[in-house]
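Listed below, chain by chain, are the residues.
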Amino acid sequence: MATTVTPPKKRQFFSFRLSLAQKRMVWAYIFVAIPLAYFLLVNFSAMFSSFLFSFEDYVTIRASRTFIGLENYQRVFEMKPFLDALRNTFVLAAVRVPLLTVLSLGVALMLHNIRRAKGAFRMLYFIPFVTSGVAIAWVFKFMFLPNFGLFTHLFDLLGMKRVFFLGDPKTALGSIISVTIWAGLGYYALIFLAGLEEIPQVFYEAARVDGANSWQCFRHITIPLLNRTLVLVILLAMISSLQSFTFVRMMSKDGFGGPLNSTITMPLLIYKEAFFSMQMGRASAIAVIFFIIVLIITVIQRKLVSREVDY
Amino acid sequence: MKKSRFFIFMMIMALLISAIGSGLAAAQGGETVTLEIWQHESGGKIQAIARVIEGFQELYPNVEVIQSSFPYEEYQTKIAAAVPAGTGPDVVMIYFGWAPFWMQSGFIAPLPEVVQTELENEFAPFVQATFLQGNHYSVPTSIRNFALVYNVDYLAESGWDEPPATWDEFVQAAKDCTQYDDNGNITRAGYYLEWGSDGWNWWRPLMQAFGGQAFSDDNRTTLWDQGGAVDAWNYMLDFPLVHHTSVEGFYEGELEAFAAGLSCMTPQLTFGIGFLRDNAAPDVNWAVAVMPEGPAGRFTTGSSWPMALTTKGTQDPAVLEAATNFLMYMASAEGQEIYADVTGELPSRLDMIEWEKYADDPALAPFIEQLEQTDGAFWADELAERQCALDMWDAVVVGDMDRIEALEMGTACDQAIRDAFFANWEE
Amino acid sequence: MRNEARAVQPGAVFRQGLQYLLLGFGGLIMLFPYLWMISTSLKARGTWYNISLLPDPLSLEHYELLLSTSLLPRWYLNTLIIAITATASVAFFSALTGFVFAKYRFPGREILFVAILSTIMIPTEMLIIPWYVGIAQLGWIDSFQGILMPGMLTAFGIFVMRQFMANIPNELLDAGRIDGVSEFGLFWRICLPLAKPALAVVIIFTFLGQWNDFLWPLIVVNSDNMQTLQVGLSRMSSLETGADWGGTMSGAALASIPMLIIFLFFQRQIVQGLTLTGLKG
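Chain order of the listed sequences is A, B and C.
Every letter in the first sequence is one number past the one before it in our numbering, and letter 42, counting from 1, is 51.
Every letter in the second sequence is one number past the one before it in our numbering, and letter 369, counting from 1, is 380.
Every letter in the third sequence is one number past the one before it in our numbering, and letter 87, counting from 1, is 80.
Source of the hints: derived by calculation from the structure; they are not laboratory data.
Take these hints with a grain of salt, some might be off.
[Claimed, not checked] List time: in silico DSSO-like cross-link candidates among lysine-lysine, alpha-carbon distance up to 27 Å:
id : chain 1 : residue 1 : chain 2 : residue 2
1  : A       : K170      : B       : K368
2  : A       : K127      : C       : K189
3  : C       : K189      : C       : K96
4  : A       : K179      : A       : K89
5  : A       : K32       : C       : K96
Computed from a prediction, not measured in an experiment: that's the story for all the values here.
Same shape as in the complex, but just chain A (with noise of 0.2 Å):
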């Protein structure tokens, strides 16, 4: 009987004749074509090429490119202006990321407990966030201005030592961070908003009942359960800090990072070797370091997440 059966089904499988479950794989594979084409295309390629680059002496505007093996590699670690950008992009992640999770997550603890108008108050905190990058830039410029800015004015009125913001290399990394906590603000608040809405008013309701006061209540219960918004919070605030580019661009005093690469960030830096000095080789290899860098800090990150949400 069984010779008689197997003949059959062979001639099933080679006519294509595919079972319920094959069949919804083949339209799986139809639906993912396409942006799967897309993906390589678009990104694998070019990440696959750039890195070629990387081991290229590749001057964008000459007709030649020739390869190089490591030096790229070997240029970037001893030039300064690699070293700054690693320095101000860590010092900019380090800074903006736990000011900006603290200050957020205040503002939304307020606008979770106040009870009237709340929508008008919530909608001001967020207005940066739906304007452009661009425009927000040149409004801080202008207010910084080391002479005529109104910041000045108002460390005049206040009797305090004029500082130069954007001019100074101690003080223009600050003034930039400032700008890009000011305009995320009400993004993060709202995510914590949205997460502290979640939160069931019960348990605090018990707790109160129980005697504790609101530090306990926000100790124990809303840190615990808002667990997850805080991952994603400082997970979202760590990319953006990493990758800014529109600000340092727009508001550094030359557009590349000055004065003396005091806010010159990583992509600024890849974006000035790349299209200013035109050393694409070496700007390919400092962004194959970067991308190495990235990596690691969110798989270091993710270690942590999970770690946590198990909890």
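Chains B and C: place on chain A using the hints.
Coordinates of chains B and C only, in the frame set by chain A:
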């Protein structure tokens, strides 16, 4: 139902847009020659080149010109992105200091024979600045050099009926003319120095006035930290640090501050005259004098944004012919006159300097008087070298570095660029 | 009820008051730059350094100049066309791809999904020259297709759609299959309508992202006619020619105010959307 209709609408729109786009791209063929000209965007330059193109097209109606302009900060970006893609300009406006680097990279090509011959006649010595390895590489649009622009009323108020004639007098006049508020902040700068825009450019003639020079005669060695150059460096640093006639970031630029009546004097390139005629505040009563004199004499320097031919422009004979005709037109008295009239600068043909409208203009006379000295410096890679100079200034003025230490750092930075450039120069 | 009772306690009233005060102060800081921008844009040329919130004299010259000499309306149109096209494409393909990754089992599913997600981490700067070379070969420089090319699909969109669609019960799909609904029909008629909130998030964020995109258009756009709002705005003042603050501020105002108005209307969807991404993160 509604949503799916919305989606279909979106998809159709997306398709339509790409179809229109490719249709437009296809329609661009045809019998005429298309010449792509790129230029840097500043003041009247766009309009000036647009007018030159109009004049050119009257003579050559079969040439279609695509004119694109970009701000200074983006100019490099655009070219860096266009070349590897095989697109970009056929004729390009460059800063004269970029010519060596761009020529060495093969981005710009030697000018056609006829244009080179034309440049040998009747042109200001400045054209030598882009004469490299036996070939001319660019046609000057105009000639610029430095002269001293001053506010007549402000200086008179401060006891100066005549503009300062020497660099020592210049310091004194700047000090006399500066005004402060109660907190000691400058309200009117005797001389507001902005290193990155104008200051660092007239530092070179200042070195010469103090008996130094910026580069060795073969251009291979940077001499910023030698002799008179050091005096010139200290002289300039003293304005913000010792004399307090200037403070960093006082206004948007030297010329803008002067035009707004916020500073008393500024050494300016010829292009500043056009700017002041259009933008000076009505109560700013300005005049022009020759540059002050130093112990070793009176010096100025030249500068220009000339037009060059790109390697891409030489590939198609029809395009090359159109480009050649355009460059010849640019070099002609007609082209030079149009450009000079719009920008308020001086034409680079020496025979034209004698025309009444230039020679008899009191604002232009001091520039013409010093026109003999309009050699431009040789730059291995002007943008990178400028960065060295900018950093060394910031290191002292907003950083805490010692003056000489910073100067040596800047000199070494510049020397390294020259070393790298000349290592490949002979081939 | 218990809350109501607490509200009348003086401590609670004080606490409410304090929070309003702090929020109000913060709100002022958020709002002030906008007031300053509008105020400066209405100040006459040469008076924009006056430290006064009320322009004196009041002048519309910057707006007039901007609307008559610049191509601002054209930039608006360009940006709108780009943002709408990209958003439509991202919304459709993200939903479809998200649907597949959420509801189908097939070999390579995990690795493909991770591969797509990993594109989030590639710095854009790394891809730009290869992109530029590619679109130049297609003749797309300075065209809508060229600007649109890198943004037609995003990993973020796929991620959001997959996370949301994973929660749609499989039984619904099986029921659909029994009724003879095609595989595409399952997506289009069953899953997509249920995933509306997630779709709204993807649409809003993609639109915003496209509207504010800066780096890529900066490089692709050459002619004045093709500029996007952001690029046009960034070119309004140059380091060399000095700043035209009145013009810049009026440009910034014209670029941001319509977006603010649009998003006032979508406030609820945005908040809902954030709740969603917040939960699914």
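Report task. Take the C-alpha atoms of K127(A) and K189(C), compute the straight-line distance between them, and say whether it is at most 27 Å. Result -> holds (25 Å)
Query raised in the report: Hey, K189(C) versus K96(C), does the alpha-carbon distance stay inside 27 Å?
Result: At roughly 17 Å apart (the allowed maximum being 27 Å), K96(C) and K189(C) satisfy the hint.
Requested in this report: Would you mind confirming whether the straight-line C-alpha gap from K179(A) to K89(A) stays at or under 27 Å?
Outcome: holds (17 Å)
Query raised in the report: Hey, K32(A) versus K96(C), does the alpha-carbon distance stay inside 27 Å?
Result: holds (14 Å)
Report task. Below or equal to 27 Å on CA atoms is what counts here, so check K170(A) against K368(B). Result -> Status violated; Cα separation ~51 Å.
Checked against the numbered hints given earlier, the structure breaks only hint 1 and satisfies all the rest.
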